[in-house]
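Model the full structure from these sequences, guided by the hints.
Residue numbers (UniProt numbering), protein chains in the order written: chain R, 1 to 529; chain P, 1 to 183; chain L, 1 to 448.
Honestly, the hints are just simulated from the structure, not real lab data.
Computed from a predicted structure; not experimentally measured.
Take these hints with a grain of salt, some might be off.
Straight-line distance between alpha carbons at most 30 Å, and here's what the computed DSBU-like set of lysine-lysine pairs gives [said to hold, decoys possible]:
| no. | chain 1 | residue 1 | chain 2 | residue 2 |
| --- | --- | --- | --- | --- |
| 1 | L | LYS206 | P | LYS99 |
| 2 | R | LYS523 | L | LYS39 |
| 3 | L | LYS376 | P | LYS55 |
Simulated restraints, written as ranges between beta carbons of each label pair [stated by the list, open to error]:
| no. | chain 1 | residue 1 | chain 2 | residue 2 | range |
| --- | --- | --- | --- | --- | --- |
| 4 | L | SER253 | R | SER308 | 24 to 30 Å |
| 5 | R | LEU233 | P | THR138 | 29 to 35 Å |
| 6 | R | ASP168 | P | ASP119 | 18 to 24 Å |
| 7 | P | ASP119 | R | GLU331 | 35 to 41 Å |
| 8 | L | PRO384 | P | GLY70 | 32 to 38 Å |
| 9 | L | LYS332 | R | SER512 | 37 to 43 Å |
| 10 | R | SER222 | L | LYS422 | 47 to 53 Å |
| 11 | L | LYS39 | R | ASP311 | 52 to 58 Å |
| 12 | P | LYS45 | R | LYS235 | 34 to 40 Å |
Using N, Cα and C, we set each Cβ at its ideal position, and we do this for glycine too.
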Amino acid sequence: MLFCRIWGEKGQAALEKASICLLNCGPTGSETLKNLVLGGVGSITIVDGSKVEVGDLGNNFMVDESSVGQSKAECVCAFLQELNDAVKAKFIEEHPEELIETNPSFFSQFTLVIATQLVEDSMVKLDRICREANISLIFARSYGLMGLVRISVKEHTVIESKPDHFLDDLRLNDPWPELRRFAETVDLNTTDAVVHKHTPYIIILVKMAEEWANTHGGKLPSTREEKKQFKDLIKSKMITVDEENYKEAMEASFKVFSPQGISPNLQKIINDSCSEVDSNSSDFWVMVAALKEFIASEGGGETPLEGSIPDMTSSTELYVNLQKTYQAKAEVDFLVMEQRVKNLLKKINRDPASISQANIKSFCRNARKLAVCRYRLVEDEFNSPVQPELQKYLTDEDYGTLQEANTLKVLPENTAAGLYILLRAADRFAANYNKFPGQFDGEMDEDISRLKSTAVGLLNDLGCNGSAISEDLINEMCRYGASELHVVAAFVGGVASQEVIKLITRQFIPMSGTFIFNGIDHKSQLLLL
Amino acid sequence: MIKLFKVKEKQRELAENANGKPPIKKQSAGELRLHKDISELNLPKTCSISFPNGKDDLMNFEVTIRPDDGYYMGGTFVFSFSISSIYPHEAPKVKCKTKVYHPNIDLEGNVCLNILREDWKPVLNINTIIYGLYHLFTEPNHEDPLNHEAAAVLSDNPSMFESNVRRAMSGGYVGQTYFQRCM
Amino acid sequence: MADSIPQSRSRDLDKLLLRPGNLVGPTFEAGSQLRDDIKECVRVLVIGAGGLGCELLKDLAFSGFQNLEVIDMDRIEVTNLNRQFLFRIGDVGKPKAEVAAKRVMERVSGVDIKSHFCRIEDKPISFYNDFHIIVLGLDSIEARSYINSVACSFLEYDSDDIPQEESIKPMVDGGTEGFKGHARIIMPGVTPCFECTIWLFPPQVKFPLCTLAETPRTAAHCIEYAHLIKWDEAHSGKTFDPDDPEHMQWVYSEAVKRAELFGIPGVTYSLTQGVVKNIIPAIASTNAIISAACALETLKVVSGCSKTLTNYLTYNGVEGLHTKVTEFVRDKDCLVCGPGVLIELEASVTLKKFIDLLEDHPKLLLTRVSVTYRGKNLYMQAPPVLEEMTRSNLDLPLFELMGKTPRDIVHVTGAAGKGDKKQSCSRKLRVIFKGMVGVTDMDMAGGA
Numbered sequence: 001m002l003f004c005r006i007w008g009e010k011g012q013a014a015l016e017k018a019s020i021c022l023l024n025c026g027p028t029g030s031e032t033l034k035n036l037v038l039g040g041v042g043s044i045t046i047v048d049g050s051k052v053e054v055g056d057l058g059n060n061f062m063v064d065e066s067s068v069g070q071s072k073a074e075c076v077c078a079f080l081q082e083l084n085d086a087v088k089a090k091f092i093e094e095h096p097e098e099l100i101e102t103n104p105s106f107f108s109q110f111t112l113v114i115a116t117q118l119v120e121d122s123m124v125k126l127d128r129i130c131r132e133a134n135i136s137l138i139f140a141r142s143y144g145l146m147g148l149v150r151i152s153v154k155e156h157t158v159i160e161s162k163p164d165h166f167l168d169d170l171r172l173n174d175p176w177p178e179l180r181r182f183a184e185t186v187d188l189n190t191t192d193a194v195v196h197k198h199t200p201y202i203i204i205l206v207k208m209a210e211e212w213a214n215t216h217g218g219k220l221p222s223t224r225e226e227k228k229q230f231k232d233l234i235k236s237k238m239i240t241v242d243e244e245n246y247k248e249a250m251e252a253s254f255k256v257f258s259p260q261g262i263s264p265n266l267q268k269i270i271n272d273s274c275s276e277v278d279s280n281s282s283d284f285w286v287m288v289a290a291l292k293e294f295i296a297s298e299g300g301g302e303t304p305l306e307g308s309i310p311d312m313t314s315s316t317e318l319y320v321n322l323q324k325t326y327q328a329k330a331e332v333d334f335l336v337m338e339q340r341v342k343n344l345l346k347k348i349n350r351d352p353a354s355i356s357q358a359n360i361k362s363f364c365r366n367a368r369k370l371a372v373c374r375y376r377l378v379e380d381e382f383n384s385p386v387q388p389e390l391q392k393y394l395t396d397e398d399y400g401t402l403q404e405a406n407t408l409k410v411l412p413e414n415t416a417a418g419l420y421i422l423l424r425a426a427d428r429f430a431a432n433y434n435k436f437p438g439q440f441d442g443e444m445d446e447d448i449s450r451l452k453s454t455a456v457g458l459l460n461d462l463g464c465n466g467s468a469i470s471e472d473l474i475n476e477m478c479r480y481g482a483s484e485l486h487v488v489a490a491f492v493g494g495v496a497s498q499e500v501i502k503l504i505t506r507q508f509i510p511m512s513g514t515f516i517f518n519g520i521d522h523k524s525q526l527l528l529l
Numbered sequence: 001m002i003k004l005f006k007v008k009e010k011q012r013e014l015a016e017n018a019n020g021k022p023p024i025k026k027q028s029a030g031e032l033r034l035h036k037d038i039s040e041l042n043l044p045k046t047c048s049i050s051f052p053n054g055k056d057d058l059m060n061f062e063v064t065i066r067p068d069d070g071y072y073m074g075g076t077f078v079f080s081f082s083i084s085s086i087y088p089h090e091a092p093k094v095k096c097k098t099k100v101y102h103p104n105i106d107l108e109g110n111v112c113l114n115i116l117r118e119d120w121k122p123v124l125n126i127n128t129i130i131y132g133l134y135h136l137f138t139e140p141n142h143e144d145p146l147n148h149e150a151a152a153v154l155s156d157n158p159s160m161f162e163s164n165v166r167r168a169m170s171g172g173y174v175g176q177t178y179f180q181r182c183m
Numbered sequence: 001m002a003d004s005i006p007q008s009r010s011r012d013l014d015k016l017l018l019r020p021g022n023l024v025g026p027t028f029e030a031g032s033q034l035r036d037d038i039k040e041c042v043r044v045l046v047i048g049a050g051g052l053g054c055e056l057l058k059d060l061a062f063s064g065f066q067n068l069e070v071i072d073m074d075r076i077e078v079t080n081l082n083r084q085f086l087f088r089i090g091d092v093g094k095p096k097a098e099v100a101a102k103r104v105m106e107r108v109s110g111v112d113i114k115s116h117f118c119r120i121e122d123k124p125i126s127f128y129n130d131f132h133i134i135v136l137g138l139d140s141i142e143a144r145s146y147i148n149s150v151a152c153s154f155l156e157y158d159s160d161d162i163p164q165e166e167s168i169k170p171m172v173d174g175g176t177e178g179f180k181g182h183a184r185i186i187m188p189g190v191t192p193c194f195e196c197t198i199w200l201f202p203p204q205v206k207f208p209l210c211t212l213a214e215t216p217r218t219a220a221h222c223i224e225y226a227h228l229i230k231w232d233e234a235h236s237g238k239t240f241d242p243d244d245p246e247h248m249q250w251v252y253s254e255a256v257k258r259a260e261l262f263g264i265p266g267v268t269y270s271l272t273q274g275v276v277k278n279i280i281p282a283i284a285s286t287n288a289i290i291s292a293a294c295a296l297e298t299l300k301v302v303s304g305c306s307k308t309l310t311n312y313l314t315y316n317g318v319e320g321l322h323t324k325v326t327e328f329v330r331d332k333d334c335l336v337c338g339p340g341v342l343i344e345l346e347a348s349v350t351l352k353k354f355i356d357l358l359e360d361h362p363k364l365l366l367t368r369v370s371v372t373y374r375g376k377n378l379y380m381q382a383p384p385v386l387e388e389m390t391r392s393n394l395d396l397p398l399f400e401l402m403g404k405t406p407r408d409i410v411h412v413t414g415a416a417g418k419g420d421k422k423q424s425c426s427r428k429l430r431v432i433f434k435g436m437v438g439v440t441d442m443d444m445a446g447g448a
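What follows is the structure, given as structure tokens:
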């Protein structure tokens with residue numbers, strides 16, 4: 001089986017097990033699902049009650065001439081099936097709004113629900129249903145040149161967050177006894193030039209730190225001056241100027257005096273109330289509880305060792321043995337963690353073997369990079385957004401530079417926030433007038449003033465009385481007239497599918513907040529409301 | 001821009017009717033930079049350069065080094081250079097065409113020189129590389145070997161290394177390997 | 001909900017193109033004429049029919065463009081199917097450009113896509129001048145650099161070093177790597193070209209050969225050893241072909257042997273391919289995001305229906321979601337897109353005279369000058385071998401040496417400045433021969 005190098009075999013297996021429901025299969029929905037079907041999700045269910053119209057031929061790749069008049073869900077489903085015959089593809093010809101009203105239990109069968117092009121009222125209702133059933137939910141909306149993507153799930157925990165840049169776990173600031181002992185077997189004063197220039201920097205730094213401590217009352221360099229002296233000391237050990245390993249040692253010397261202990265982020269996780277586990281706790285939190293114990297006892301303030309080292313100038317032999325030393329320590333830490341996990345499971349009346357060794361191992365390897373994401377209910381965001389944040393986003397800060405009189409108007413920096421307010425105002429507008437602002441030609445002027453007063457009303461309700469939305473933006477929103485442009489749908493659908501992959505594979509960190517796509521000048525924004 | 005496109009359309013027709021000869025060849029950014037490097041070459045008398053494809057192909061050339069000092073004095077060693085169109089974003093590809101008994105050059109002509117691989121930077125130039133290559137002959141080093149056996153001999157028994165180099169350069173066997181005369 | 005008026009196929013796009021707006025480009029003129037012009041008059045070239053290219057063709061077709069062409073030299077492989085949605089298992093082995101064009105034409109009526117199954121270098125430069133805008137869906141720096149230099153070669157400046165609008169060949173470029181990507185607009189002469197900002201692309205990591213030979217430590221070291229050293233040893237003369245699965249298999253098995261010998265874990269076939277071909281892992285969702293941004297910007301550049309991206313968008317979904325727009329600035333002295341220095345000459349001026357002129361030219365003050373013109377080295381100061389070969393040109397008129405081209409770009413290198421402050425440099429010169437410029441002169445269109 002082919003799998004993607006990015007999320008690996010485990011991620012692929014999670015995708016293949018996933019069962020996904022799509023609400024509305026206009027271009028936003030079908031493009032989202034297309035990317036997931038290509039990625040190899042297990043099964044899809046498409047819910048859409050509409051028939052294919054001529055206008056759909058201009059924005060949806062998954063319908064064609066011959067589909068006009070037929071069920072859109074059926075046509076899109078057939079096309080997606082063609083893309084990947086391993087996917088179990090189903091469709092239901094029904095309007096999602098009706099399903100939300102009449103059959104809320106329908107949604108509990110899925111791993112994840114992708115809700116596209118829903119208006120505010122249906123979003124709020126569906127969100128409550130999915131939250132109750134503990135189903136992951138993602139909203140995606142394309143509207144003219146703007147879009148919205150919002151994840152809603154009570155809690156998403158990540159072990160393999162795979163950050164791009166993360167400091168390696170070498171423990172040079174506090175080497176454990178075996179590493180010290182290993183370093184002792186190497187002589188930095190060797191006269192063999194080949195050996196000298198192939199001694200890995202880990203060993204150089206462990207030995208130099210020890211040498212320093214011995215002459216400085218057991219302390220490591222701490223002041224700027226001392227750190228410089230420490231670097232000079234390393235430099236003094238070079239035989240020739242081109243010894244890469246010593247250059248690497250100087251560059252990595254900060255690892256010797258970096259602060260010990262865990263990051264504030266991890267501190268927050270182990271202090272979370274969820275780390276007080278009971279029989280309802282997830283595997284993740286049981287392991288966090290074990291980690292908390294480990295850090296407080298065997299770890300001496302540190303997490304289990306990650307157990308891998310980066311490539312560095314070294315002879316093969318020293319490098320491989322160094323690798324083994326790190327792996328051995330990681331294995332010891334893992335066994336302690338495993339025991340602690342088992343004990344905790346017993347305590348909460350679960351099968352002590354119910355969390356697999358592989359999972360505990362992966363947890364240990366990634367202990368420093370854990371992530372917990374929590375999302376507010378959409379209803380809460382809509383009714384009581386985080387006030388100071390919203391004010392901040394709405395504050396019009398010009399781009400700073402004064403524009404020349406003859407150059408074009410520059411978009412204010414609060415455009416994304418303005419679009420967010422206007423999209424919500426458009427939904428209120430639709431609830432009142434049974435059409436979207438600017439949906440039909442010839443009613444533009446009226447719609448513009450109506451949308452403006454709707455937006456003002458909404459801002460009042462949100463407690464942002466002082467804020468104003470630019471006339472140009474209101475105008476622009478009416479110009480969009482609820483159109484679903486293919487390129488905007490492809491962008492929004494791409495974002496949504498990327499987030500779905502992160503949620504399902506439990507790898508990488510999903511976005512927080514509400515993403516507002518600004519297709520005018522691409523200054524999109526995440527609003528943390 | 002759509003109006004401009006229409007203007008362009010007209011021009012295109014005009015151009016085609018007139019003497020709008022299409023340009024013959026496009027010089028890449030790499031070629032332009034190499035042109036600068038080559039026109040500024042300042043080689044020691046022990047090194048020379050030649051262009052087998054003539055004066056208009058600078059992207060492929062050969063450098064001949066005749067060391068006047070050290071183990072390799074009297075030998076003649078030819079290196080081929082092949083330059084990428086995105087030079088200097090990418091380092092030149094250099095191979096030694098003369099089979100040589102050398103700790104840092106293997107029998108296939110691969111050269112272990114840091115500025116050709118991990119330490120290449122766009123501010124370096126062809127002159128730097130040629131000096132680097134020359135340096136390899138005056139000061140071969142056994143610490144970064146590509147020809148392991150030669151490196152071991154250089155490290156353990158420099159006089160034997162010297163005689164091996166002599167034997168190879170005058171055409172003959174060192175161990176199982178035959179070297180063509182290059183003196 | 002039956003509409004009385006028959007629905008337009010471009011129902012959604014019409015809102016953007018037929019309605020006036022305030023947040024639009026300076027030249028925007030809403031109306032059905034605009035929509036028709038996009039359909040009929042605008043020719044768009046898509047470079048690459050891979051992950052980005054497939055998306056681009058679809059996105060552009062739905063953005064109202066009906067004259068598209070696509071160029072790609074690759075054939076479809078099984079491993080493409082998990083992200084290149086236009087290809088099916090039965091297409092494996094067929095040219096990507098052909099299949100992609102066919103599939104999009106099947107589903108989006110009215111669009112015409114001409115495919116070119118060849119290398120970008122195989123096309124004459126004039127081929128590229130035929131398009132109004134070029135959209136790049138590539139994964140190689142070399143190819144980007146090539147197209148950039150071609151597009152910039154059409155650029156003309158007026159006597160005040162202002163780019164002539166009608167000579168600007170806009171490019172929209174996208175690229176992805178895993179969950180990350182970028183999209184940018186290049187307006188030669190206005191926004192930075194690819195060479196102005198080539199530093200944005202980190203150079204590929206190259207391991208020292210002696211590490212590979214003597215002290216391998218990682219799986220990648222073992223693979224590169226098999227690929228760069230062992231291959232030549234075992235196959236004297238035969239060049240390694242990364243697209244030949246047998247060659248790849250050989251490298252893989254050699255790498256495995258080497259890894260076992262040194263006790264190094266982690267050599268797999270897919271890693272071997274990744275290391276040897278320097279494959280940047282790509283996924284469908286990121287390709288979709290970046291292509292959509294590129295297609296949207298293409299539509300905006302052409303129609304003016306909204307503001308445009310100024311000028312570089314980065315997208316990063318690894319940790320949360322981050323997007324950023326950066327306005328990069330041009331390198332004024334860029335040899336590829338910069339105006340260069342305007343030099344007007346009599347047709348009788350010899351190369352020697354020309355070189356002397358540069359020494360006194362207030363903007364240049366160049367000494368030790370070498371001259372190159374469209375790949376022909378007219379005069380080289382050094383090395384001696386080239387000096388000898390080019391010396392005879394010195395007495396010939398430059399006009400003759402330039403094939404009697406009335407106006408063109410010439411590149412020179414030399415030492416600039418005076419006294420101790422001499423610095424070596426390259427300069428682009430716009431050479432015009434007085435009285436030789438014919439009807440092709442752009443001045444007549446200057447008022448547009």
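Structure-inconsistent hints, enumerated in ascending order:
As far as the earlier hints go, only 8 is violated by this structure.
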